[in-house]
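Asker: Taken in order, these protein sequences are the chains called A and B.
FYI, in UniProt numbering the residues of the first sequence are 1 to 257.
FYI, in UniProt numbering the residues of the second sequence are 1 to 463.
Worth flagging that the hints you see were computed from the coordinates, not collected in a lab.
Misleading hints may appear alongside valid ones.
Claimed, not checked - Below, a list of computed lysine-lysine pairs in the BS3-like style, where the Cα atoms sit at most 30 Å apart:
| no. | chain 1 | residue 1 | chain 2 | residue 2 |
| --- | --- | --- | --- | --- |
| 1 | B | K429 | A | K104 |
| 2 | B | K457 | B | K362 |
| 3 | A | K98 | B | K457 |
| 4 | B | K457 | A | K104 |
| 5 | B | K264 | A | K26 |
| 6 | B | K362 | A | K123 |
| 7 | B | K362 | B | K456 |
| 8 | B | K272 | B | K151 |
| 9 | A | K249 | A | K191 |
| 10 | A | K98 | A | K26 |
| 11 | A | K144 | B | K362 |
| 12 | A | K98 | B | K108 |
| 13 | A | K98 | B | K151 |
| 14 | A | K22 | B | K264 |
| 15 | A | K98 | A | K22 |
| 16 | B | K362 | A | K136 |
| 17 | A | K144 | A | K123 |
| 18 | A | K26 | A | K136 |
| 19 | A | K104 | B | K456 |
| 20 | A | K98 | A | K144 |
| 21 | B | K362 | B | K264 |
| 22 | B | K456 | B | K272 |
| 23 | B | K429 | B | K272 |
| 24 | A | K144 | B | K457 |
| 25 | B | K264 | A | K98 |
| 26 | A | K191 | A | K144 |
Said to hold, decoys possible - Far from chain B by the CB rule (all over 12 Å, computed), these chain A residues:
| no. | residue |
| --- | --- |
| 27 | G45 |
| 28 | R70 |
| 29 | V85 |
| 30 | E108 |
| 31 | L199 |
| 32 | E232 |
| 33 | D235 |
| 34 | D250 |
Heads up, the beta-carbon is just placed ideally off N, CA and C, and yes, glycines get one too.
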Amino acid sequence: MENMTETLKMTARDVSVFYGAKQAIKSVSIDIDMANVTAFIGPSGCGKSTFLRTLNRMNDTISGARVEGRIELDGEDIYASSMDVVQLRARVGMVFQKPNPFPKSIYENVAYGPRIHGLAPAKADLDRMVESALRKAGLWDEVKDRLNESGTALSGGQQQRLCIARAIAVDPEVVLMDEPCSALDPIATAKIEELIHELRGRYAIAIVTHNMQQAARVSQKTAFFHLGTLVEYGDTSEIFTNPREERTKDYITGRYG
Amino acid sequence: MSTLALLFLVLGLGLIAWISARVRASRFVITGPASQRPHSLPAYHAWYVGLWVAVPALLFLAVWASVSPGLVTQAVLATPAAAELPSFGMERAAILGEARALADGSIKAAFNPKATALAPAFAQALGFYGTIGAVVALLLAFAGGAYAFTKVKPDFRARTRVERLVMGALLIASLVAILTTIGIVASLIFESARFFSMVSPIEFLFGTQWSPQTAIRADQVGSSGAFGAVPLFWGTIFVGAIIAMIVAIPLGLMSAIYLTQYAKASTRRWVKPILEILAGVPTVVYGYFAALTVAPALRDIAVAVGISSASSESALAAGLVMGVMIIPFVSSMADDSIAAVPQAMKDGSLAMGATSSETIRKVLLPAALPGVVGGVLLAVSRAIGETMIVVMAAGLAANLTANPFSSVTTVTTQIVQLLTGDQEFDSAKTLAAFALGLVLFVITLLLNIVALRVVKKYREAYE
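Looking at chain B on its own, in the form it has when it is part of the complex:
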């Protein structure tokens, strides 16, 4: 029996159990004093029984699906036909794979005759273990169903049990994200450790030469590769934290002030959604815009005013477009913090004879400042992790320069460069990407922690 059919069979059994438990529970007497009414609604009994049928069987199938291929292979290797196999290596694995595919019908004919010889043994083993799996799963389903069905009585607390299971499922769902994060961090740390065994952390963190291309011949320039990441860190900060923020902070803040303090409700109704659309534009589209429209225009302007060194890929182009991308982010955080300042504060200032703009400057903004700072920090952490715009518009040259018209490169751009194409995963060049990723991760993590602390502290102040 195929796995899919078995899956549907188990679910079908669960459905039947659900319906029959519901029918049974709905026959409970519900009149009488509250203390004698059934504890749970029929639907809870139904879910209790249905889940007892489906969950143990499905869990078993999941485990079986990961265990049985090993058992099948062992059984096949024990047959006389397996003696023909090479003892180890790629070819052995290829033959086994081919034989298995032939046996379960996903290919019609094998390229290797040895695989054809092994196929009957595979087919037999697959059938044997498949049947065991199916029988055990169905037995579990029936046993679970029978156990649960005997429990369906008026005073049985089905609701409590079902809700506990739901809570467990929710817990597992949240753990998936946490465990994945831990896994990512672990892999970053592990690969970075390998990198730092080849390149010293001091050189990486404080060196100013970045040329990761390791040469093929010894006489080539830069044959050893240079992994001083300071130009990358600088480029990242220059584009993401300086130029982008020079654009995003004033514009975002001013738009938030306009929207919360001056705009009429009707204006707000169409301006806010448009700002949110800006946040929803895919970053690759911003990248196009930066590379094809903004960067050439900036270069032309720079050349026209006499800056001949202006590059067609520039920190300024990437930073400007990134700043625009971040505007809705800053604006909505600032909007929230300004709106959270109590009306009483604003009234107090207006009643003193302060104008709206004095009230905003002297009362609302200082009171909202922590929230705004938190929002800006989150925006910075987003900007320095942003990839597409800088890949397309900032350039690849690791220049340590404060000239906004020259091309710079960022951490994310270099990670993309290091990891695209065919790579050897044990060279310093490739592993450098993980070290860069680790640095980026640590910086954004710290920024986020600080920002959330600041925002939280401020929220408490008015509650």
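Chain A on its own, in the form it takes in the complex:
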């Protein structure tokens, strides 16, 4: 247990998010570490996606959004003025609800990050990075013969794995996933979940999900959000078998949500 602190990647303390005058998140504190997949669950509109987006400052793109509290990445305040948001997002990657590959070739989709961050000085390096990312995302064997075809021509599940490959191509430390399977069929979902298992340990992973079985399957830590507050946070096995809070119990037994 003593090396827990070393693997702690991100810490959020008393984080509140406001959209204009409306408070979407109320004083949430959570840790995200390398060893575990952290799942955020809760009913629609509970703020779990909003919270996820504060972790790589994607809320900056929404006008009127304001974040209070402190979020640290390796002990560094990510909302400090010295933090460059471009570098932050290279370190904290994100995968979205709906697969959103660029209307470019499969190769160019994955090469996008390494190119904009100048990670691949030579074409050979870029080729190697693209292949490695596609392999890690479990997509290489399916697309290696058609890297020049458009990314949007892939199936939904393949598109989502392409987006994961795109996110990990820049070798981030944290990968945030915002309901990555909600637009996918059960088979594609199973593949993504398997992929999350494989990626665990290599990246600190936080995943927002609507599907409680999915949270139980892929995560080791679970945070239950309700109405913008963090109701319960702990080991997934605890939350699902022996929740401390009544609200958590009601939610996971399907009484609401």
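Once you've looked at the hints, dock chain B against the given chain A.
Answerer: Just chain B now, with coordinates in the frame of chain A:
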């Protein structure tokens, strides 16, 4: 009875029918189960009856107005007084016209005594056919009204009938525009065919000498006229598609990027309307501006830097001003296509750590490109059809030159030149205008088709 009075009478009858049908229909019992309620609201019954009164009568009047003058003239020619008339020609038509005007009271006295003699016959015939027309119209109105009024019953489907009529009216309205277009194209083709029977299409399309002024004396230079339109086509493309686009594409695109990606909502609120005002300035005002301000300034600059050949009317002046005119057009098309790129695409790029400008350059613009290209093609088709600016600022000399400071001429300018003033409509010089118009029409049509295809294909990609 005058036509105007008759018109109002028919409309008045229609109004009375409308009101009475409405009153009658509003007495229907509306309580009870839904299946037994009246089918249509009272207003639909009212419109049904009112339209049955007015429409057949008005249609008849319209037909009658085009048929009756012929009948009147025939009746007059059958009278003994008509024997005095010359048998054909201008004078006969003039006398008949004068007699008619005298008879219906639009002139007081006739210049020609023969017309005065014919006037009573005209007055009689006009009265006779006028009465027939009025009686038939009123009969139609009453018959239509009576037929329709008996139909006003609770289960009568007045709404369906009225709506079908409305649909028919809308169809006719849309056909007017289509038929007019067909008519214009037909006249262009017909007149162009006459032109091409005098000048070979090869010479017209590929010749490089343009001097349409046909001479009066045989020894004058260019007596045969030269109709090689290449300098015109070149001038049109040079001004409208090259210089204007060099101005409009970057400025329009950059303003669209600024407005969609960087501008705050408050900035957008005043910048966009101003851009739209730019699009609403009459082109003749741009023409003034080009001819009186931009062209002399450009010439002074050119002379100052040592280009002594600079003309006071130049391709550059016309092209620059036209480019400015086209900016709002390009900008709003680009604005639409950039805004149509899904937010998810932009988020995907930003989440990779791309900056705004990288996101715009590498994701938004490539995704919006088809829409932007479509917009540019539409802008080009507008620019090459634009007339006032080039008439005022580009010049008349048909130079085949790539020097932007020299004067060039365009297709539209030459059409204006060929058709203004008194013209003989059977000379090659005048008919050339139609051939030029046809070429312009075909080119803009093709550009529009390609542009709309491109835009449509791209719209489908995200829906």
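Asker: Now, for every hint given, state plainly whether the structure supports it.
Answerer: These are the hints, each one checked on the structure:
1. With a C-alpha separation of about 54 Å, the suggested pairing of K429/B with K104/A is violated against the 30 Å cut-off.
2. Among the hinted pairs, K457/B with K362/B is consistent with the structure: their alpha-carbon atoms are about 21 Å apart, no more than 30 Å.
3. Taken as a hint, the K98/A and K457/B pair is honoured in the structure, with Cα atoms around 22 Å apart against an allowance of 30 Å.
4. A distance of roughly 17 Å separates the Cα atoms of K457/B and K104/A; the hinted pair therefore holds under the 30 Å criterion.
5. For the given pair, K264/B sits about 28 Å from K26/A by alpha-carbon distance, which is consistent with the 30 Å threshold.
6. A distance of roughly 18 Å separates the Cα atoms of K362/B and K123/A; the hinted pair therefore holds under the 30 Å criterion.
7. Between the alpha carbons of K362/B and K456/B the distance comes to roughly 22 Å, so the proposed pair stays at or under 30 Å and holds.
8. This hinted pair does not check out: K272/B and K151/B have alpha carbons roughly 55 Å apart, beyond 30 Å.
9. Proposed proximity of K249/A and K191/A is supported: the alpha carbons are some 29 Å apart, at most 30 Å.
10. For a cut-off of 30 Å, the pair hint linking K98/A to K26/A stands: about 27 Å separates their Cα positions.
11. For the given pair, K144/A sits about 24 Å from K362/B by alpha-carbon distance, which is consistent with the 30 Å threshold.
12. With a C-alpha separation of about 83 Å, the suggested pairing of K98/A with K108/B is violated against the 30 Å cut-off.
13. A threshold of 30 Å between alpha carbons decides the hint, and for K98/A with K151/B the separation of about 59 Å lies outside it, so the pair is violated.
14. Proximity of K22/A to K264/B is assessed by CA-CA distance (about 21 Å); at most 30 Å being required, the pair is judged to hold.
15. Between K98/A and K22/A, the direct Cα distance comes to roughly 26 Å. Compliance with the 30 Å bound is thereby established for this hinted pair.
16. With a CA separation close to 25 Å, the supplied pair K362/B and K136/A stays within the 30 Å bound.
17. Restraint check for K144/A and K123/A: satisfied, since their Cα atoms lie roughly 17 Å apart, inside the 30 Å limit.
18. Between K26/A and K136/A, the direct Cα distance comes to roughly 36 Å. Violation of the 30 Å bound is thereby established for this hinted pair.
19. Of the supplied pair hints, the one linking K104/A and K456/B holds, its CA atoms being roughly 20 Å apart against a limit of 30 Å.
20. Taking the CA atoms of K98/A and K144/A, the gap is near 23 Å; set against the 30 Å cutoff, the hint holds.
21. Proposed proximity of K362/B and K264/B is supported: the alpha carbons are some 22 Å apart, at most 30 Å.
22. Pair hint K456/B plus K272/B holds up; C-alpha atoms about 24 Å apart against a cutoff of 30 Å.
23. Distance check on the hinted pair: K429/B and K272/B sit about 45 Å apart at the alpha-carbon level, beyond 30 Å; violated.
24. In summary, the hint linking K144/A to K457/B is supported, as the alpha carbons are separated by about 29 Å, within the 30 Å threshold.
25. Pair hint K264/B plus K98/A holds up; C-alpha atoms about 28 Å apart against a cutoff of 30 Å.
26. For the suggested pair K191/A and K144/A, the alpha carbons sit about 18 Å apart, so the restraint of at most 30 Å is met.
27. Annotated as non-interface, G45/A keeps its C-beta farther than 12 Å from every C-beta of chain B; the closest such distance is 19 Å.
28. Every Cβ of chain B is farther than 12 Å from the Cβ of R70/A; the closest lies at roughly 22 Å, confirming the non-interface assignment.
29. At roughly 8 Å, the least C-beta separation between V85/A and chain B is not larger than 12 Å, which violates its mark as non-interface.
30. Listed as a non-interface residue, E108/A fails to keep its Cβ farther than 12 Å from every Cβ of chain B; the least gap is roughly 9 Å.
31. Distance check for L199/A against chain B: the nearest CB is about 17 Å away, which clears 12 Å, and the non-interface claim stands.
32. The claim that E232/A is not at the interface with chain B holds, since no C-beta of that chain comes within 12 Å of its own (minimum 28 Å).
33. Against the 12 Å criterion, D235/A stays outside the reach of chain B, whose nearest CB is about 29 Å from its own CB.
34. Residue-level check passed: D250/A sits 33 Å from the nearest beta carbon of chain B, beyond 12 Å.
Taken one by one, the earlier hints fail for this structure at numbers 1, 8, 12, 13, 18, 23, 29 and 30, listed in ascending order.
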